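Residue numbers (the working numbering), protein chains in the order written: chain A, 251 to 617; chain B, 251 to 617; chain C, 251 to 617; chain D, 251 to 617.
Be a bit skeptical, because a hint or two may be false.
Note: identical chains are not told apart, hence a pair may lie in one copy or across any two.
[Stated by the list, open to error] Pairs of lysine to any residue residues, derived as SDA-like cross-links and limited to a Cα-Cα distance of at most 20 Å, are as follows:
1. Lys507 x Arg586
2. Lys507 x Gly336
3. Lys507 x Asp572
4. Lys507 x Ala319
5. Lys612 x Arg367
6. Lys507 x Gly615
7. Lys507 x Ala259
8. Lys507 x Glu496
9. Lys507 x Gln576
10. Lys612 x Met251
11. Lys612 x Thr363
12. Lys507 x Ala415
I should point out that these hints are in silico values taken from the structure, not numbers from a laboratory.
Just so you know, these numbers come straight off a predicted model, no measurement behind them.
Protein chains: 4
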Amino acid sequence: MAGAMGDIAWVGAILRFEAALATTQAHLGIVPPEAGAAISDACRPSLFDIDGIARAAVASASPVVPLVAALRELVGPGFAPFVHFGATSQDAIDTSMMLVAREGLDLLLGDATSLGRECLLLAGRYRATPMAARTLMKVALPTTFGCKAAMWLQGVMEARGRLSAFRRDRLAVQLGGPVGTLGPQDVVAGLARELSLAAPDLPWHSARGRVVELAGALVQVAGAAAKISGDAILLAQDEVGEIVFEEAGVSSAMPHKRNPARAIEARAAFAAACAQAGVLNASMAGEHERAAGAWQAEWPAVSELFGVAGGAVARTLEAVVDMRPQTDRMRSNLERFVPQPHDEHLRAAATMAGRAIDLFAKELGDE
Amino acid sequence: MAGAMGDIAWVGAILRFEAALATTQAHLGIVPPEAGAAISDACRPSLFDIDGIARAAVASASPVVPLVAALRELVGPGFAPFVHFGATSQDAIDTSMMLVAREGLDLLLGDATSLGRECLLLAGRYRATPMAARTLMKVALPTTFGCKAAMWLQGVMEARGRLSAFRRDRLAVQLGGPVGTLGPQDVVAGLARELSLAAPDLPWHSARGRVVELAGALVQVAGAAAKISGDAILLAQDEVGEIVFEEAGVSSAMPHKRNPARAIEARAAFAAACAQAGVLNASMAGEHERAAGAWQAEWPAVSELFGVAGGAVARTLEAVVDMRPQTDRMRSNLERFVPQPHDEHLRAAATMAGRAIDLFAKELGDE
Amino acid sequence: MAGAMGDIAWVGAILRFEAALATTQAHLGIVPPEAGAAISDACRPSLFDIDGIARAAVASASPVVPLVAALRELVGPGFAPFVHFGATSQDAIDTSMMLVAREGLDLLLGDATSLGRECLLLAGRYRATPMAARTLMKVALPTTFGCKAAMWLQGVMEARGRLSAFRRDRLAVQLGGPVGTLGPQDVVAGLARELSLAAPDLPWHSARGRVVELAGALVQVAGAAAKISGDAILLAQDEVGEIVFEEAGVSSAMPHKRNPARAIEARAAFAAACAQAGVLNASMAGEHERAAGAWQAEWPAVSELFGVAGGAVARTLEAVVDMRPQTDRMRSNLERFVPQPHDEHLRAAATMAGRAIDLFAKELGDE
Amino acid sequence: MAGAMGDIAWVGAILRFEAALATTQAHLGIVPPEAGAAISDACRPSLFDIDGIARAAVASASPVVPLVAALRELVGPGFAPFVHFGATSQDAIDTSMMLVAREGLDLLLGDATSLGRECLLLAGRYRATPMAARTLMKVALPTTFGCKAAMWLQGVMEARGRLSAFRRDRLAVQLGGPVGTLGPQDVVAGLARELSLAAPDLPWHSARGRVVELAGALVQVAGAAAKISGDAILLAQDEVGEIVFEEAGVSSAMPHKRNPARAIEARAAFAAACAQAGVLNASMAGEHERAAGAWQAEWPAVSELFGVAGGAVARTLEAVVDMRPQTDRMRSNLERFVPQPHDEHLRAAATMAGRAIDLFAKELGDE
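One chain only, chain A, in its complex shape (with noise of 0.2 Å):
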């Protein structure tokens, strides 16, 4: 994810832009044929001082400045009209900003499916092995462990449904030319061809409840993920002895002590996502066309964001993975503060566990 989300990606991201801009003005016949192959061609990462371009960024509160700047040069005095035809910096940004959210989407889901699937073998294996449940942080009726890993699959669902709809129906080029008002039709329409973009029903420069959709979808998957975890981490107290992580990390203190070392950086990771999911939120109240400092809030925002987020999914998967239900000690705490039989709320846990098994196999079957 840190790759999918640094300078490269971003500059990467900007030249499928620009060179995807200017092969579509070339089919139009907006842009010469040979300055739309020109620009198409410089736009490889490896033609540019990305550290410096990062550097002159600062100049302008921008990127695209310098990188245009550069891409103009490269391709020479004739054909450096016809770079960034028509656009803006934020047509560039945003629709890198998506482009770049399509790859960490794709990581982020990918983790999210392989998590999804822990948790449903979880719920098969263990659907009628019973455990205390625990509400309020004190023991309360029995459940299973089944049904436990069932609501942990219920929500990373959920998020992972929201980050495939908005993969699936949120992904739009941004061209809405100077100040946001309508890029040409068929120059969208091309751009979104070319990048595999969705074409949006009008350019979204200054109502960005698109980022705030994204971030929400961000923060619920990092929250599912920290749920697990967090609920792991208590599993594996010493004094509750249910879940015993195979590959725990060591202290640097004591030699003999083995930490839930994955579990607990998902929860760190939580913690710096809902800050980020934050900022995007606040960022909505933009001023006019483009905000001055809203606006460039949300780049960083939004790859920390997924750098978080995927690091909370993703360490909570290797939790999972290597976690070893205890399940005798299950058995003996839930004797020990429950003594009294309760085969109804173990039934009930049972089925549960079945149905939620039920809902989701088959969506996490199906990639």
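Position chains B, C and D against the provided structure of chain A, taking the given hints into account.
This is chains B, C and D only, laid out in the frame that chain A set:
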């Protein structure tokens, strides 16, 4: 909105839950018919000491405990065992949160629809009215005021769409019993019917994505409103003068001054909305079958969030209704700062305004 | 705390500002003595329709406008011109915020001192009581319960120190006049004397660091409390059993269950406190001489923040008072998970507890 | 600042901790002198595979574990047992956080001092230069540009004061050993001396107020800067024209346009700073003797927060240096919107500017 979210509304919702539960269980023969009738009859807020219940709630971290106790006392020892039968506090609170949210959503959707219509009117009336677009807070190139209003409209409609979708798909009863395992499906179905809520696929005691989705939709509509209010404040600056507020707020020190009071309040409300959404996002990672803190943070945050999101939309609606666009000033500012002709930008802007109207008019007219 | 932060408290504070201003100006011969007396006499909350003022406040984004209008009406046309003389809404609100904050701080400092004393008692009584320390949620090495309480104490005392310092140094009147330039220094000094607030070096209309400092101190004390409550919840887990709450909360579904209700509420309150502190931090970057949204977001956020920070401390204090340390269980858990002797750790822990007592006992005894 | 907060800086700081610990322990005869020398000599970042350590850190949720392992290997089996002797990961990380923070504070204080001086210059040079004050984004009454700059100055100086106080009083070593009980006081004192940090009264493993205080000071300085940048952006609006940026940013689409790029970046950085401060506030409520997630969220948040707070101040400093006040425009705007004479306001404003200069000049000159 304050009424829809106050203590009385919450107690009323919890009582509706308890009444519907008893009624359903009576229909199904789970509790005696007379118990169902007696309980249902007693579930009237006026019969309860709401302040006393609020005070007593502190001792159990839940208003349900004292409310159920009072209800049991009210129906007498004969029917008391059938009150809250098979349910847990969280069933009552979560279902009530959905009932309260439905009221809140209806109010909010009403205002959001009105706000959308006002933006639609502006987009139509000023479709071709030239004004300066401003990017990064500098005059850029021409747009039309209708195009600006179309962007506002887009923001409102996207948010309104999310609210509607939540209203339609995600308002579900909660009935998982003490530890959130599957409640009896016939009771769940009956309860859902009684309360006109959906019967969820699974209980959602510890899968809190539903609340995060609600928070996301609420902050988004508040942001769409604050975006409009922010732009209006900027346009109403004396030096810009492109908007005048007819009934602007007065000053305590400067009688001649006219302040954009409503729009200001909308922005303040949005800041508060972002904060509450943050509380709800963070609450996803609660412990085990019922969180010890994160869940209890949800109810007040949901109430507050509806209050401030509702405030942001209502104040923005008032501001937009009160807005007097100064088209001469728009034109003169434009000529002053962008002297050269830019007919193609004006055409694109007017086309975009028209396109937005085509996209959204039917949706707004239908309700 | 709810009373200290409610509408009545705010209106009362604004009236105290107006009375003190008129009195001071009468002393200095700026307004006629009879005007000073009449205004001061009229500044009684019971003479005002507080709900009506709250409603009217919406139209001007400030309660001061309708309140000053009502006060002018009350004193009659002869004295009306001398009401709110030379002041602006922000002078009244900011000064009132300091008056309200003083009440809030006194309540909070009282509870924080009590909480500190309880921790001090625990640190002393259990100075040498062995228990397991837990790092990364795994049993690590021995500590003593007194050492743990000493850490709690440290957190409370650091936060209490910040609150005290703010109470002592930063509660200042605001009197900058309509646009926050320097108010007359003799009036500022007199007003400060009347209200027992400091006379600031400069008006602080658009330098909002003072509010950010208050927010920081409030969130810190809430965090110190939530840390204790969180630890207490973990120690009260059935599987750990090192703390029992005497008067724990009951459950609506499981009569046998005892929930750590107060500690849970403290954690929920801390989550809300973090959110409100975020609103206040973000408000620093307001526009020009008085912000259009950021400033108006401050007052409710300050009130809310006092409410939830006060709640976090009060609930934690109740939880700590209600706490019954189970020293046998502490010892048996320790022996079970850390069988080898570790006298040097126990000695270090006991020494630390003693050192904390030495550091803080005098400070807590003095008040 | 990026360098001061990067992986290399952190690894360097951890190695300085390990070297100082070994050196101190050698002086005190706790470890053999040759061990102290060998360890100290090996603690050079260039001897370590920093990327490899960052990767390995994931498995233990701490970079200290692999770094100490590598250091032990480097010094060989004879001295390995004396590496990290008596310390825990948290001792190394928390102390390193303070070392890294000191670097960050020095950079930030340098820029904050420069920013203060620039504001002081403006306050002096334009002490009596009339301009319109704007409240609630409407022209209100006259002020002077020097008075406005004096308010900026006040904001910067208050924040700078907090940073200085933290730098002076709160940068302390951490040495509590495995579970945060009291480390040996002679070692604590020696370590503090070696690293020029304070020896704290008590270890602060689970009392995280210190970090919250740092976060509060950092967000405050970022807010003070963003306030200035925000005002500057508003004054630079074409319709206002009271500030021109000499080296403004260029646009990729509109070659004539000059954007307030630095000020924009400062505002974006402030939004990010608020988010990171939120992470650190929330981290106070960690579990037991070392939190499982909250503590691990601190280090990256501190690094990020220094980065964005530093960015907010540095970009604002550049913006202020680049600012060309347009005094004719200030006067003409004032005459246009506030035609009546207001000499007393101008006098008050100029007096305030002078007073601010008197208050802060010495402090700024001293360094």
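The hints, checked one at a time:
| no. | hint | in the structure |
| --- | --- | --- |
| 1 | Lys507 x Arg586 | between (26 Å within a copy, 14 Å between copies) |
| 2 | Lys507 x Gly336 | between (62 Å within a copy, 16 Å between copies) |
| 3 | Lys507 x Asp572 | within (16 Å within a copy, 33 Å between copies) |
| 4 | Lys507 x Ala319 | between (56 Å within a copy, 16 Å between copies) |
| 5 | Lys612 x Arg367 | within (11 Å within a copy, 42 Å between copies) |
| 6 | Lys507 x Gly615 | neither (38 Å within a copy, 41 Å between copies) |
| 7 | Lys507 x Ala259 | neither (40 Å within a copy, 28 Å between copies) |
| 8 | Lys507 x Glu496 | within (12 Å within a copy, 33 Å between copies) |
| 9 | Lys507 x Gln576 | within (18 Å within a copy, 25 Å between copies) |
| 10 | Lys612 x Met251 | neither (27 Å within a copy, 42 Å between copies) |
| 11 | Lys612 x Thr363 | within (12 Å within a copy, 38 Å between copies) |
| 12 | Lys507 x Ala415 | neither (43 Å within a copy, 39 Å between copies) |
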